[in-house]
Structures are given as structure tokens and as C-alpha cells.
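Generate coordinates for the entire structure from the input sequences, incorporating the hints supplied.
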Amino acid sequence: GIQVEQSPPDLILQEGANSTLRCNFSDSVNNLQWFHQNPWGQLINLFYIPSGTKQNGRLSATTVATERYSLLYISSSQTTDSGVYFCAVGDFNKFYFGSGTKLNVKP
Amino acid sequence: EAQVTQNPRYLITVTGKKLTVTCSQNMNHEYMSWYRQDPGLGLRQIYYSMNVEVTDKGDVPEGYKVSRKEKRNFPLILESPSPNQTSLYFCASSPGGSSTNEKLFFGSGTQLSVL
Numbered sequence: 380g381i382q383v384e385q386s387p388p389d390l391i392l393q394e395g396a397n398s399t400l401r402c403n404f405s406d407s408v409n410n411l412q413w414f415h416q417n418p419w420g421q422l423i424n425l426f427y428i429p430s431g432t433k434q435n436g437r438l439s440a441t442t443v444a445t446e447r448y449s450l451l452y453i454s455s456s457q458t459t460d461s462g463v464y465f466c467a468v469g470d471f472n473k474f475y476f477g478s479g480t481k482l483n484v485k486p
Numbered sequence: 358e359a360q361v362t363q364n365p366r367y368l369i370t371v372t373g374k375k376l377t378v379t380c381s382q383n384m385n386h387e388y389m390s391w392y393r394q395d396p397g398l399g400l401r402q403i404y405y406s407m408n409v410e411v412t413d414k415g416d417v418p419e420g421y422k423v424s425r426k427e428k429r430n431f432p433l434i435l436e437s438p439s440p441n442q443t444s445l446y447f448c449a450s451s452p453g454g455s456s457t458n459e460k461l462f463f464g465s466g467t468q469l470s471v472l
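First to last, the sequence lines map onto chains R and F.
Per my numbering, the first sequence starts with residue 380, numbered consecutively.
Per my numbering, the second sequence starts with residue 358, numbered consecutively.
Worth double-checking, as some hints may not be accurate.
To be verified - Listed below are the simulated DSSO-like cross-link pairs for lysine-lysine, each with C-alpha atoms no more than 27 Å apart in a straight line:
| # | chain 1 | residue 1 | chain 2 | residue 2 |
| --- | --- | --- | --- | --- |
| 1 | F | K414 | F | K428 |
| 2 | R | K481 | F | K460 |
| 3 | F | K460 | F | K414 |
| 4 | F | K375 | F | K422 |
| 5 | R | K473 | F | K414 |
| 6 | R | K473 | F | K428 |
| 7 | F | K375 | F | K414 |
| 8 | F | K374 | F | K426 |
| 9 | F | K426 | F | K414 |
| 10 | F | K460 | F | K422 |
| 11 | R | K473 | F | K460 |
| 12 | F | K422 | R | K473 |
| 13 | F | K426 | R | K473 |
| 14 | F | K375 | F | K426 |
| 15 | R | K433 | F | K460 |
| 16 | F | K414 | F | K374 |
| 17 | R | K481 | R | K433 |
| 18 | F | K422 | F | K374 |
| 19 | R | K473 | R | K433 |
| 20 | F | K426 | F | K460 |
| 21 | F | K428 | F | K375 |
To be clear, the hints were calculated from the coordinates, so they are not data collected in a lab.
Note that this is a predicted model, so its numbers are computed, not measured.
This is the structure in C-alpha cells:
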């Protein structure tokens, strides 16, 4: 299967700071998504982004498919951004997840 | 409201006692799949289904069964649960599979403990 590596594994930020989360994957994919798992365990889809750049409010994501990586940018972080961020890649209807980046935003 | 519904939310059982976790979606999605989440390992796909009566193995199918008799339902069956199947389980659906530009929508999860 496809290997997905996320970095950093843990991140602590002060409210208002910016951050970049990275997702590397081992093979070409036709689907890439970013998810946020909140402290209650809910998985929320942030972006579908197999290539290019998208923005949604304070969040943006960029995927460079030819170099097999994706970046998630969080600007002006808030305490509600805390949780775990997962990258998932898909190929032939199978999905592979990274082990996540655990973000803690302190007030 | 468009949603993926899993039941139960929490389940404690004993080794060997057959159980079923239900999953239902009201979005007329073709694709449904099951995942388990374990600490430090992210989510791993157990089974997926492209449509009614079409299912296939994910990365970790051993010890699990699924069926897709109706488009909206995709139950996960553990015929003889073992303690190593203690985990947090998620069901997800999507209009199409990974080859389409569609997002995955997740249920709220089922925390299973096998004693």
C-alpha cells in the first residue's frame, strides 16, 4: 500500500500563531484529503486537494502531486483548532491515512 | 440533514461473542467504507464497498465481515471478536470512490472494547 508520513507529530502553538503541517506520500495518488479530528473524536473534512491550492478562511492547503507532498497552513490559530490533523490519500478506491499531527493551541 | 450514522457509540463485549456495528447514510452515496483508529497508527481501512453487493478488502480485513444489501447500509460484523480488535471504528461514505473528486464523510465513531 501507499505510505503516508505526516510531520510534525506534535505541535504546540500560542493562540494567534501560524503553522504548516506536512504530508508526504510514497506513490502517485488520485485523491488527497485533509481532516481535522476534534477533541470529541469527530472527523471533519477540511479539503479535497489532489493537486493545486485551495483556501477556506484561515486554512489553506497546497498539494504538489509530482513531488508527492501536501501542506496544510493554519493562520492566526485559535483554541478551537486544537485536535489531530490527518492527511489521507486514495488510490483504486483504497484510502491510506497518515498517523496525524496533534495540535494544541494555548490561549 | 445529510449524515452518516453509526450505532452504537460505545460497545463493551467479551471475546467470541458475535457483534454488529451498523452504518447508514442518507446521501445516496455509492461508496462506503470502514476504518479502525488505533493510537499512533492513524486510520486503517478495513473494507470498502463501491455499490450494492460489491465489497472489497482494505488494508486490515482479517477478523471482519461486511455486507452491502442496500445502498444506504453497510454493517461491520465481528463474528468472533478478540481483544486485539479493541479500537475506535469509523464508517465513511462518498458519492464515488477515490478516483472521483469527492470527499469522504465520516460517522461519529464506535468505541469497541473486547474483554
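Against the structure, test the hints numbered earlier, and report the numbers of the ones violated in rising order.
Result: no hint breaks.
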